[in-house]
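Chemist: Work out the full structure: start from the sequences and follow the hints.
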Amino acid sequence: GNSVTQMEGPVTLSEEAFLTINCTYTATGYPSLFWYVQYPGEGLQLLLKATKADDKGSNKGFEATYRKETTSFHLEKGSVQVSDSAVYFCALLLSGGYNKLIFGAGTRLAVHP
Amino acid sequence: DGGITQSPKYLFRKEGQNVTLSCEQNLNHDAMYWYRQDPGQGLRLIYYSQIVNDFQKGDIAEGYSVSREKKESFPLTVTSAQKNPTAFYLCASSISRTSGSNEQFFGPGTRLTVL
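Those protein sequence lines, which keep their order, are chains A and B.
Here the numbering used here is used: the first residue of the first sequence is 1, the next is one more, and so on.
Here the numbering used here is used: the first residue of the second sequence is 1, the next is one more, and so on.
Think of the hints as simulated: they come from the structure by calculation, not from any bench.
Cβ coordinates follow ideal geometry from the N, Cα and C atoms, glycine included.
Be careful, since some hints might not be right.
[Unchecked claim] To spell it out: a stretch of chain A is covered by chain B in this simulated footprint if at least three of its residues, at any positions, have a beta carbon under 8 Å from a beta carbon of chain B; those stretches are:
| hint | region |
| --- | --- |
| 1 | 34-47 |
| 2 | 60-69 |
[Claimed, not checked] Straight-line C-alpha distance at most 25 Å; calculated DSS-like pairs for lysine-lysine:
| hint | chain 1 | residue 1 | chain 2 | residue 2 |
| --- | --- | --- | --- | --- |
| 3 | B | LYS70 | B | LYS14 |
| 4 | B | LYS83 | B | LYS71 |
| 5 | A | LYS100 | B | LYS70 |
| 6 | A | LYS56 | A | LYS68 |
| 7 | A | LYS100 | B | LYS57 |
| 8 | B | LYS9 | B | LYS83 |
| 9 | B | LYS14 | B | LYS71 |
| 10 | B | LYS71 | B | LYS57 |
| 11 | A | LYS100 | B | LYS71 |
Modeler: Printed below as a string of structure tokens:
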């Protein structure tokens, strides 16, 4: 079936550290891939996306590259800030039919000064 | 300011009562969705609607009902048949296109607690 697997959290980092949150997927067809971020008590915000293989999505210093050969979409940031503390969700969107988003379980990131 | 609004932000309900959560969007999106989020888990799809007066069950529709009488509005009713309704509920919308990445935009959520 179609699924998304994210690394388990929490991930705890010091400010200015390098961040990687792993995401791998299983899907039929050619999905689009997304990273969403959720701050405490809020809804989800789209962080970045990629719609085809080798596309790189980027936003606010975060990047992720759609790797079809490894079915991965790892999230990276070169230097995290305390304000990046949140839960990050990887998701895939199946092409065709209705727009069904399939989410990973989320990874909590805590950044300390 | 375009966006999705959900109300109320916090909702308390006694066991056995039905309760309706509001979701409104002014993005002119055709498609709307309801998700449930439980602690430490990803989002699970309850219902979705691609067009006015039409909606479909998602993965966990039992104990919930929806209506889509207007393009802007997609209220969710949590009925007394829902065995474990305490959760964070998120509404989303997207442009309904036949191709391209139809990313979904989310509202701020409603936290429902059953007492």
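Chemist: If a hint holds in the structure, say so; if it does not, say that too.
Modeler: To see whether the hints hold, each was checked on the structure:
Taking a C-beta to C-beta cut-off of 8 Å, the region 34-47 of chain A contributes 8 residues in contact with chain B, enough for the three needed, and the coverage statement holds. Evaluation of the coverage hint for the region 60-69 of chain A: breached, as 0 residues show C-beta separations to chain B shorter than 8 Å, against a requirement of three. A distance of roughly 29 Å separates the Cα atoms of B/LYS70 and B/LYS14; the hinted pair therefore is violated under the 25 Å criterion. Restraint check for B/LYS83 and B/LYS71: the C-alpha separation of about 30 Å exceeds 25 Å, so the hint is violated.
Restraint check for A/LYS100 and B/LYS70: satisfied, since their Cα atoms lie roughly 21 Å apart, inside the 25 Å limit. Distance check on the hinted pair: A/LYS56 and A/LYS68 sit about 12 Å apart at the alpha-carbon level, within 25 Å; holds. Between A/LYS100 and B/LYS57 the CA atoms are separated by roughly 12 Å; this keeps the pair inside 25 Å, and the hint holds. Proposed proximity of B/LYS9 and B/LYS83 is supported: the alpha carbons are some 22 Å apart, at most 25 Å.
Restraint check for B/LYS14 and B/LYS71: not satisfied, since their Cα atoms lie roughly 31 Å apart, outside the 25 Å limit. For the proposed pair B/LYS71 and B/LYS57, the alpha carbon gap of about 18 Å is at most 25 Å, so the pair holds. As the CA atoms of A/LYS100 and B/LYS71 are separated by approximately 19 Å, the hinted pair is consistent with the 25 Å bound.
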